[in-house]
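Peer 1: Sequence:
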Amino acid sequence: METLVVELARAETWRDECAPRMRAMSTPSSMTTTSYAIYLVRYHESVVCNLFELVLSGCSTSALDEVEDDVAAELADYCLRRIVWLSAREGGEKSDDDDDSASTTPDFTLSMSALAIARCLAASPRLLGQTRRDALAEALAPLLDSKPWIQRERHNSSIIKVYVDGSWTEDISEWDANTRVQKCEAQVWLALRSLLCDPAFAWDETRKSLAARVRKHLNESTIDQIPVLRDLKHVLDEVMVRNLDGVHVASRLAIEIVPKYRRALTQNGSAEYYESVAAIMLRERFDAIFMASIAEDILSTCEMTTDVAAKTTSAAPSSSSGDEAPVKIDILRERKTLDSASTSFDTVHVFEYDFAKDRAPNEVRAKTSHTRGLRRALASRSSNDGAEVELPCAFDGKIRVNFDARTITAPLTLRRSATTEDKPSVWITVGALAVDGFAAQLRLDRSPRGGDAYVVRDVHLTIAVTAAS
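For what it's worth, the working numbering labels the leading residue of the sequence shown as 9, then goes sequentially.
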């Protein structure tokens, strides 16, 4: 971990001190090379930050206690700087055109990763000194007001997007934005719970504002989604009603660990020193030769990718009836057992379908969810598939549809009654377009041979495209 911390400190120092000076010194002809160099360093920093996030998230509390003090102090200060930047930035809108907007820069991505790291560090009281724990709590509270992980489009405030796993998702509803706890917000809540529920946290009258700031966002809906926050609610309620004017905080000697890695990189550096480093890097590291080598690497990578794709295409078997079908539909019959508490199913029919090439897809829109989709007809892989298979009118089971590595299931109950006696066809719908991303519709016709049976005649698959405006 020490090696990763050193790399993180180097990347951050280079980004803060050298990158701005390199931009200022670059000429229009060398700006492309400079931008690429800055991108590489920022990408390196984000990779190291993500490694810390993965390692710490997978550690138990006992494993976190074994993290070195120097590493914890360096990481804590790094997270504080990123969270303070996130709190101080202008939020509320996400630009449509500006690629350098605050919500799309690498700084924003690093700050989101810092939230997860801070939550892991806050879970272990030993890793952070009391001064850093207090500072972290003060820095996290404003994020509940601004919620930078939720943005509205600058030119269309009705479009709301949420930041999840490194990217902005499609627009969500107003209810989801205001009620549902997002992943980044959960990191903030869990970190605040670890910090504020710590018995060592010194509450006084000046910190009542912190309790009030956090408490106004802690409602029953949030607690239902994160039940462990009920402890935090009790602590905040107790602090709000207590009179802390007479509370005396005993004087104590606090010994804090000074982060040595970033300090070693910055304490002897002056403006002239960083300017000389930037000039040397522009002259010796990111010159025309470097640009040519990068171009050669990109070309060789593209050629290698093309060769692999060509070999894969040539080695792939031709399309035949033995290939895996895009859509697979299973009919399962309920098995009657003596134990009424358990239910089992047996597969009785399996249908395989391809998309019909001679029938164009139709656009459909769901009335309730306003979801738009494309409805495509399916063609059986066997000309008689489905036509020869009969389902009795008295049938209990379920139907399962597999498409694009996803599976949806619906109960299938067929009964003959007076209301269905005169109906030659029965339509069955499997899945919900807005929830599952696709839905299947099957038409069952009365068997032409007579008798109390149905046969599968027409099958359609509707694939969700996007939400309708």
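There could be a bad hint or two in this list.
[To be verified] Calculated lysine-lysine pairs in the PhoX-like style (CA-CA distance at most 20 angstroms, straight line): (1) Lys365 with Lys336; (2) Lys241 with Lys216; (3) Lys336 with Lys406; (4) Lys155 with Lys191; (5) Lys155 with Lys268; (6) Lys224 with Lys241; (7) Lys241 with Lys268; (8) Lys155 with Lys169.
[Unchecked claim] Okay, the calculated beta carbon distance ranges per label pair: (9) Pro235 with Asp78: 33 to 41 angstroms; (10) Pro432 with Asp173: 32 to 40 angstroms; (11) Glu371 with Asp78: 19 to 27 angstroms; (12) Ser166 with Arg383: 21 to 29 angstroms; (13) Ala442 with Thr139: 34 to 42 angstroms.
What the hints contain is simulated information worked out from the structure, not anything from laboratory work.
All C-beta atoms, glycine included, are put in the ideal place defined by N, C-alpha and C.
Peer 1: Does the beta carbon distance between Pro235 and Asp78 stay inside 33 to 41 angstroms, or does it fall outside?
Peer 2: Since the Cβ atoms of Pro235 and Asp78 sit about 36 angstroms apart, the hinted range of 33 to 41 angstroms holds.
Peer 1: Regarding the pair Lys155 and Lys191, is the alpha-carbon distance no greater than 20 angstroms?
Peer 2: Judged against 20 angstroms, a Cα distance of about 11 angstroms means the pair holds.
Peer 1: Holds or violated: Lys224 with Lys241, Cα cutoff 20 angstroms?
Peer 2: holds (10 angstroms)
Peer 1: Between Lys241 and Lys268, is the straight-line Cα distance small enough, at 20 angstroms or below?
Peer 2: violated (37 angstroms)
Peer 1: Measure nothing beyond the straight line between the CA atoms of Lys155 and Lys268; if it is 20 angstroms or shorter, mark the hint as holding.
Peer 2: violated (33 angstroms)
Peer 1: Given the proposed pairing of Lys365 with Lys336, does the C-alpha separation stay at or below 20 angstroms?
Peer 2: Holds, because 17 angstroms separates the two Cα atoms, which is no more than 20 angstroms.
Peer 1: Straight-line Cα separation of Lys336 and Lys406 no greater than 20 angstroms?
Peer 2: Between Lys336 and Lys406 the Cα gap is close to 14 angstroms, so the pair holds against 20 angstroms.
Peer 1: Indicate whether the distance between the beta carbons of Pro432 and Asp173 respects the range 32 to 40 angstroms.
Peer 2: violated (49 angstroms)
Peer 1: Mind checking the alpha carbons of Lys155 and Lys169 for me, to see if they're no more than 20 angstroms apart?
Peer 2: Within the cut-off at roughly 12 angstroms; holds.
Peer 1: Quickly compare the C-alpha distance for Lys241 and Lys216 to 20 angstroms and report which way the hint goes.
Peer 2: Given pair Lys241, Lys216 holds - Cα atoms ~14 angstroms apart, limit 20 angstroms.
Peer 1: Has the hinted range 34 to 42 angstroms been met by the Cβ atoms of Ala442 and Thr139?
Peer 2: violated (49 angstroms)
Peer 1: Go ahead and decide if the range 21 to 29 angstroms is satisfied by the Cβ distance of Ser166 to Arg383.
Peer 2: holds (27 angstroms)
In summary, the structure is inconsistent with hints 5, 7, 10, 11 and 13 from the numbered list given earlier, while agreeing with the others.
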